[in-house]
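A.B. asks: Sequence:
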Amino acid sequence: MSSKFDPKEISFKIRRFQYEISHVFRHIWPIKFSQFRKFDVISKSVINSTKVVKSILVISLIGILVSTTMFLYGIYLFSTTPVAAEGGQIIETVENSEIITFNPVISINSEAESKVNSLIYHPLYEIEYPDFLNSTEPKPIIKPILLKSEPTWENSTDPAESFKVLNFELKEGLQWSNGEPITVDDVEYSFERIIETRGNQQFKNGFKEVKLQKTGPRTFKLVSNLQNPQLIYSANFSPISKKHYDSQITDRLISDNRSFKPTVTSGFYTFDDNDVIDPNNNSSKKVPNPIRDQQSQKIKTVVLTKNPVQNIESELKLETYIINKVDSLFDKPNITNSLVSDSKAGKTDLFTRFLGTNLTTPSWKIKQDTGLEQKTIPTNTFYNLYLNSKVGEYFINQSLRKYVICQFVNYQASPAYDGFLENIPRNKRIVPIQLNTEVEPDCPADPAEALDQNVYQITVDEQSQIKRILLDGAEIPITLLGIPESEPLLSDIRRFFLEIGLPAELITGNEEIQKALNDKDYLAAFLPVTIVSQDPYSLFGANGQNLSALRENNRILDYNIEENLLTYSLSQLTNEEAKGNIINFFQNEYVAVNLFRTNYEYNYSNRVRDLGNNLPNLYTFTDDSYGKLENWFVKSKRVKN
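Just add 272 to the spot in the sequence shown (first one is 1) and you have this note's numbering.
I should point out that these hints are in silico values taken from the structure, not numbers from a laboratory. In this text the structure is predicted, and so the values were computed from the model without any measurement. Watch out, some of these pointers could steer you wrong.
Derived pair list, reagent style BS3-like, types lysine-lysine, alpha-carbon separation capped at 25 angstroms [unchecked claim]:
1) Lys619 to Lys323
2) Lys326 to Lys316
3) Lys420 to Lys443
4) Lys578 to Lys900
5) Lys700 to Lys411
6) Lys514 to Lys476
7) Lys420 to Lys486
8) Lys604 to Lys589
9) Lys639 to Lys572
10) Lys476 to Lys411
11) Lys558 to Lys570
12) Lys589 to Lys420
13) Lys420 to Lys280
14) Lys316 to Lys285
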């Protein structure tokens, strides 16, 4: 049996190739270039040539054509620049997020509704937030949208009247998508709807004891009964058309058909009056928009088209924006649509998650299974623990507060939350993040040494080794306030309370949470809090959320903490003496601890050009991601340099 690689056969083929080459050159050299003018001679020569010569000629010709093409294309690329072209669409996917109504003045049911509202309605202004944890200049930047310029405080000769009146002026030429002018009447009407019982909670809470007064054709003011420096950061609501909604009250807007399909809007996009093609199936049959599931009749897809009226200077290229709901992240039995399946089918361009309330599916899993590009960005939302110092409650005793806070100073989130949460450094834990101050907690090596032994006793069960902190021989019934969306992290915090000897009963029902927050009827609150200002007054002041009930404790009153918080706030954060007093209070009284910062995750397809590059370093609210829509495009063209 002969070998597959027979040396004799290979040697014969080499000699044969050498003969063919020499034969070619014996017949063509020296070359008579004059013969190349005769096409018939050339064609006959090619036809009569050997296979080897023909192969060489074909390969050479292809090489010349490819080289010439690449050279010309290189010149084209060098002399032109890619830019966005008009048209195209983006599909943003939301997971299991209920979509009911689209009206920014009424209560928002879900993040998906907030996304749609951000696309179809412009706010009075936007706020760009710095990184409050690390920034050396942590002052938010106000960007007028429907306003001519940023709001201004009205000067007063009486210091007690400062920060009570905020003035606004609308831009000229603002229009609704139907061509009607946007007026101060629309703003006033929208404000009145927000402050009603079922108004948008995001703004309603900031408008307590605030009234709107019209002062001119394009001017108005917000007047607060209280000094309220935070008002400028909480008044950026989006108005709706008074005429289009027939001046209806909020209770009627919730069930009005125009809130289910708003065709008169002010933002980048609007709802078309006509039916649309469902992007989730291959049928060309048009259906009503928003598109509903045939069985459940719940909204599954929203198709938005470019607003014919653009009220801001930024040029919008995208023609269509689609919000598409899926039932799960991953493929599952009996699930007809998922993020993974839509991504593989090219039906997803953008999927975002606030990781602070999604602590079960890691980012790498999303990226791996969807194949989407990914970026994870820190937010200004922090998980903090607040101890209620209200008179008559157990945390009134400074030694027990110190014991608890000193235990949590060293608390680290489980490695399972890596990528979801960022542990706050120890030296930034006991002073409010907004003050951007490093303070090393004065905690003993054994936190139990902080307890007043004359008041509290520590017992350890010999069999179970369970620790208990007792007051007069009895267990202390701790109540721990936390929102259900914080699970499973909330349960971890509760287990830690148990480990340090303080079993905690959870308060998690929506109504119970609201009542407990209003009445300060809890001992500890573990909450995600989004910081929107360098001013800590909004969280700790009496006219703010007052999460630790600082005015309710005679010992704490000796620090004049309310007065210092207010003085610091009213000085526009310039009073260093008041700031020092605030830091001293938190350093010594142990009423709160900063534990974690949360992240936000962006997943995007290659079709969405520049999205990954144009994301700013930090986003606080999901709505802000739509502030850069002018940079997103899926169609491009090249123009001369």
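A.B. asks: State for each hint whether it applies.
C.D. replies: Hints, verified against the model:
no. : hint             : result
1   : Lys619 to Lys323 : 51 angstroms, violated
2   : Lys326 to Lys316 : 12 angstroms, holds
3   : Lys420 to Lys443 : 4 angstroms, holds
4   : Lys578 to Lys900 : 15 angstroms, holds
5   : Lys700 to Lys411 : 19 angstroms, holds
6   : Lys514 to Lys476 : 19 angstroms, holds
7   : Lys420 to Lys486 : 16 angstroms, holds
8   : Lys604 to Lys589 : 36 angstroms, violated
9   : Lys639 to Lys572 : 24 angstroms, holds
10  : Lys476 to Lys411 : 23 angstroms, holds
11  : Lys558 to Lys570 : 18 angstroms, holds
12  : Lys589 to Lys420 : 24 angstroms, holds
13  : Lys420 to Lys280 : 90 angstroms, violated
14  : Lys316 to Lys285 : 28 angstroms, violated
In this structure, the earlier hints numbered 1, 8, 13 and 14 are contradicted, and the remaining ones agree with it.
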